[in-house]
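With chain R fixed as given, assemble chain X onto it according to the hints.
Listed in order, the protein sequences are those of chains R and X.
For the first sequence, this note's numbering assigns the number 1 to the initial residue and increments by one for each residue that follows.
For the second sequence, this note's numbering assigns the number 1001 to the initial residue and increments by one for each residue that follows.
The hints are simulated quantities; they were obtained by calculation from the structure and are not laboratory data.
Small disclaimer: the values here were computed from a predicted structure and weren't measured.
Careful, some of the hints might be misleading.
A few chain X residues that don't get close to chain R, going by computed Cβ distances all over 10 Å [what the hints assert, rightly or not]:
1) 1201
2) 1229
3) 1542
Here are some chain X residues the structure puts well away from chain R; computed CB gaps all over 12 Å [stated by the list, open to error]:
4) 1023
5) 1066
6) 1122
7) 1127
8) 1303
9) 1375
Stretch by stretch, here's where chain R covers chain X in the computed footprint (C-beta under 8 Å, at least three residues) [as the list claims (entries may be wrong)]:
10) 1184 to 1191
11) 1277 to 1291
12) 1331 to 1345
13) 1393 to 1400
14) 1605 to 1615
Heads up, the beta-carbon is just placed ideally off N, CA and C, and yes, glycines get one too.
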Amino acid sequence: MILKRARTFWELIEGQRIIYVLAMVALLLVILAQYMPPLVQKFTIDIALRQETADLERATPMQKWFNELGLSAVDLLGGAESLRSNVWIAALLIVLLAMTSGLFMFLRNLWSALAAERIARKLRDRLYDHLQHLPVRYFDKISTGDLLQRCTSDIETMRQFMSSQLIVIGRSVVMLVVVIPLLLSMSGPLTSVSMLLVPVIVIYTVLFFSKARSTFKAQEEAEAAMTARLQENLSGSRVVRAFARQDFECQQFGERNTAYRDRSFRLMRLLAFYYPSTDMLTMTQIGLVLFYGAYLVGERAITVGTLWAFTFYVGHLLWPIRQMGRTLVEMSKAFVAMDRLHEILHQPREEMEPPTAPATTTAAALPTGPASGGISAHEAMRETIQGVDTQPAARATGGATAGGSAGQEQQSADEGPMAPLRGEIVFERVSFHHEQHHVLKDVSFRVEPGQTLAIVGPSGSGKSTIIHLLLRFYDCDSGRILLDGQDIRQLGRHYVRSQFGVVLQEPFLYARSVRDNIRIARDGARDDEVYEAAEVAAVHETITQFEGGYDAMVGERGVTLSGGQRQRVALARAILKVPPVLVMDDALSAVDTRTESMILSALRQRHGQRTTLLIAHRLTTLMRADRIIVLEDGQVAQSGTHDQLVVQDGLYRRLWQIQSALEQDLSEDIRQARPSG
Amino acid sequence: MATIDPHAEEEFSGQMNLGLWRRLLRFARPYRLHVVGIVLTSLLAAGCDNLFPLMTGITIDGAINRAENDGAFPLARYAMIYGGLIIGLAISIAAFIFVAGRIATGVSHDIREAAFQRLQELSFSYYDRRPVGWLVARLTTDCDRLARIIGWGFLDVLMAGWMVLIASVIMFIIDWKLTLVMLVIVPPLTIISIYIKRRLLATSREIRRHNSRITAAFNEGITGVRTTKSLVREQENFREFSGVTHNMFTSSLANARLSAMYMPLVLTLGSVATALVLWAGGVQVIAGNLTLGTLIIFLSYSGHLIWPIGEMARVFGDIQMAQAAAERVMDLLDTEPEIRDSAEVLEAVAAMTVAGSAAARGEEQERIETIEFRNVSFAYAHGKPVLQDFSMTVRSGETIALAGPTGGGKTTIISLLCRFYEPTAGEILINGLDYRQRPLHWLQSKLGVVLQSPHLFGGPVRENIRYGRLDATDEEVEQAARLVNAHEFIVGLDQGYETDVGESGGRLSTGQRQLISLARAVVADPQILIMDEATSSVDTRTEQLIQSAMETVLSGRTSFVIAHRLSTIRSADRILIIDGGRIIESGNHHELIQSRGRYYDLYTTQFTRQHEDRIIGLGGNEDAAGAS
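So that you can see chain R by itself, here it is in the shape it has in the complex (with noise of 0.2 Å):
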């Protein structure tokens, strides 16, 4: 466990390790010239001040070769006579110490930093790719807003770790290491005294935090439990409204908000008694250096410098000492933080391009392709991006985009045998189970290039499955998809997605302006070209009739669009995309009759014979293709032309015979409405 978690942070901080290094090294030379300044005034107290010199009789040789190093550095500097009369020269010492010390500060902070921001940036730019490039499959198990938690907090959390909490524990080590030494060489006795309470801070500090926990944790629970409820009562004020529940909420939300003040009062109790209690460890501490150290002044055993230093060494040990414990419980949360990132970077990718490239020379050009998925294709291809970054867009037309390679390579597997689609789809005995559920069975059908092919049926039956599986969302079980006679799998994900215009049954729109939206499918698409497509789909007029028109923003901070609107624009992006096949996923279900038919029919004018697959459940939209697939339970239970299936018995008639039906309810209601009327 242990072991692999190293290996992962590791890996983590690859890349970066060169300025962790240098990151330690200054903070050894911050360390070493912080330690200086006391022993400055030790031995200026010492020897010029008070011309005393320490009795080395039962001196260690440490000890005497320390000493031995003072009075040297003190001759350097023009011998004790010269220091006493010119008592600046320490002083200017100190300040130049301080200012290198300071330096070196500044470097270790700023390459620490450095470090980490770079690591974040990279973690979330390779998760954010690593997402995009999960199968659909991976997305239908999991709940977004553990993903988007996983996705900020937990970088925030491991970004933390790696800009201060390594350095508060690098420190604390470094410091330890340090001091020891320096403190012995003074004193052994009193270096022991100094080091008495240490652990015991170390220990009470840790175990404290590790307790304390489950206060934290009450703590967040009451402020979540009351922010839901405020969430609540504002969402549904309505209702709120609607029943007088004033005074109802105010109570309920005042037990809540009250909660969440006595558990966050329990939290300062529980530090109101922390905090004075490690000062109290830590006092008593530099108060047992006193006094022991003043005793041995005392008894002359040491000197007042040596006493001097001792007390600046001991409280500047003992702060980052205190911080340590808290650090290093926070360093678990790190490790889990760290535990979750791995465990979504380590989901396979979708593979996008074929594994045996139909084009040999496209497969040439692609060594180190996508296709071998994982980390190391990962790398390389943000190196392509950065690269590409200042490039115009790669990709002007529809075309497909190769995996990973931006550039020259992609531009000739776009020629090649990657030609846009006649348009010809056939399915062969498709099987595909979901989460052990048999989702298609067996089922079968060709659309001719150019052909409407309708698909009706209940829900549940299979029918957006078929598209799913079109668009290599997942990919059958048995059986075969071919397009243009070639194998599904064979062409490669990007390829086979860039040949589909899509409407999904709930369109996704993005957080930018309406016109971004539709040239979405197309960059570079002109902006009459947008208004076109746009008026295609019947959306155009209410567009313009939106605050700011093309340019208003989708979602929170701008207009919120209906359902009927959300899939008119989403369609007007499938067809600025002008794709050899056009897809529809029930996409007009919230347009009303008229403006369907108006969509339609404006599709058919535009676009001629190309081939459409459309999942629809009303019959003005069926009636309109040229042939019909009725899907029960994932298999094929009828098709044929509309003038075939309306005299077979089954679903399609059903929904036929409803005009029957209209029209004796109709008959009935002007019949009974004539008596009274």
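Positioned in the frame of chain R, the structure of chain X alone reads:
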């Protein structure tokens, strides 16, 4: 309608507005004693803290005295005093954390409560311009931030002030010349601290803005993944995302550079103080004018002085940053509800209550016999008129179905009836009296409302139904559930009536939520039922349950229904076709079918759609695709 931009939250409002803070301070009034407590305990803490260097100096002088002259050195006594200081310090720190914690949590609670109550009174015109998430942030982050400043910010400034003051006084008494030498660093330290902290505020605001963009982009990346794949947009999206993270990186680095600079600068300035003291004091020691202990006292204080000044700079920065939060919260608290009982109504109610509870009860129990819209016009703020010169009269027991295209004014009629809004012209009379002359509560307690998107509250099913009438017994709740065909599915849930429906009812299906909201309206047994029929798809079986429930609920009750279901429309006593803010057609089903106008078209289309849906297995109708 100008909506509030959620990204514009952190706008600086420039000048410090003292009046604003003074008004906000009224929330601290209940905690006056605590404030006194903070002043005293922080004084004690600062005092103890500043005595440590003094004790150190005295102890060292004693030790030197003993070492050189074999003089007296009462080490045990010094140690005891030192120990006493530690205990004093610990107790005072514990006390001020306790007291400041009480103020911070208390003030936050109180502001939030006041704001919540105000929100309950504010009219929908206030809500219309503010997204729910924005309002939530005002009552959570803003309140906490303000309380943090009132509690902790006050403490920090006070503590820092005491520290500087006490240390300066002690040093002045000991040696005023040396003190002046040391205080030379205070002005540059203050200037640098304020400058850097300010710049840090600006960059951290920028970081927050980028951060919310990143979150939005991730959200879009996840929820829109299928669309992105179908558009083969992965690379373009990534490129855009990478641009956002690049901006984030740049801002973060700018911020890091500033904060990396701060500590070294402060420490260097601190060392200047130390060096000056060592130099000036050292010369004095050599001359025999100063004891070494005193010099050590000054050396310790030189290290003590830096932090309080940094702290003060930070708090002033925080206050400046919280100014926008203070403005928003005070604005919420100061907004007067547009719709409220007029002074005359309040007077009348008060008089009634004084005159005798019997009369008051009589008024309260007055039944609604007629409702009349008389030449009512209405426009939303800065919007086009939605209703124009609209008139209708409804008598007790009638079921009115409202039908017509979206945006025609149906929802507005209902909102006006509920007095969520008031007419901009004309009047609405209830039993012949303008409803603005009646208490708001009188009307709203007689209404039962079922909204299009049935909103439930997190908690048990039972409590959600009981929301209609708080004193309903368990039997009454279950009876209502039976009446609307909800009992069966509720009993089938994990814990029956005690099952938690999840936040906003999220654990139930749309159809189940609809049934529960019907039961909620039934248990209220309202004199007037107002309903906006849901249009989202439910399965055929649930659709049948809802249909028969609707019939039960509507029969014999004064009701207004924005109707989509054929069965509801047909059984209405009167159908009003509303378009362009006017009544286009009016009559019962048979009459309107015969006249072969708009209703006829509407009915035939709806007939086809509903039957098609039924064959496909959906129970819904128009607008079937819910918002994604």
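(request) Would you check chain R against the stretch 1184 to 1191 of chain X, counting CB to CB pairs closer than 8 Å, and say if three or more residues qualify? (result) violated (count 0)
(request) Grab the minimum beta-carbon distance between residue 1201 of chain X and chain R and tell me whether it stays above 10 Å. (result) Per Cβ check, residue 1201 of chain X is outside 10 Å of chain R; nearest 18 Å; holds.
(request) Report holds if the minimum CB distance from residue 1303 of chain X to chain R is greater than 12 Å, and violated otherwise. (result) violated, 8 Å
(message) So is the stretch 1331 to 1345 of chain X in contact with chain R by the C-beta rule, three or more residues under 8 Å, or is the coverage claim wrong?
(response) violated (count 0)
(message) Please check whether the stretch 1393 to 1400 of chain X has three or more residues whose CB lies within less than 8 Å of a CB on chain R.
(response) Violated: only 0 residues of the stretch 1393 to 1400 of chain X have a Cβ under 8 Å from chain R.
(message) At 12 Å, judged by beta carbons, does residue 1127 of chain X keep clear of chain R as stated?
(response) violated, 6 Å
(message) Using C-beta distances, would you say chain R covers the stretch 1605 to 1615 of chain X, given that this needs three or more residues below 8 Å?
(response) Check passed, 8 qualifying residues.
(request) Count the residues of the stretch 1277 to 1291 of chain X whose CB lies closer than 8 Å to any CB of chain R, then report whether that count reaches three. (result) Satisfied; 6 residues make the cut.
(request) Please confirm whether residue 1023 of chain X is truly not at the interface, meaning its C-beta sits more than 12 Å away from all C-beta atoms of chain R. (result) holds, 21 Å
(request) Evaluate the condition: distance from the CB of residue 1122 of chain X to the nearest CB of chain R exceeds 12 Å. (result) Nearest chain R Cβ is 9 Å from residue 1122 of chain X, so the label is violated.
(message) According to the definition I'm using, a residue is off the interface if its beta carbon is farther than 12 Å from all beta carbons of the partner; does residue 1375 of chain X meet that for chain R?
(response) holds, 25 Å
(message) Using Cβ atoms and 12 Å as the threshold, tell me whether residue 1066 of chain X really stays out of contact range of chain R.
(response) violated, 4 Å
Checked against the numbered hints above, the structure violates hints 2, 5, 6, 7, 8, 10, 12, 13; every other hint is satisfied.
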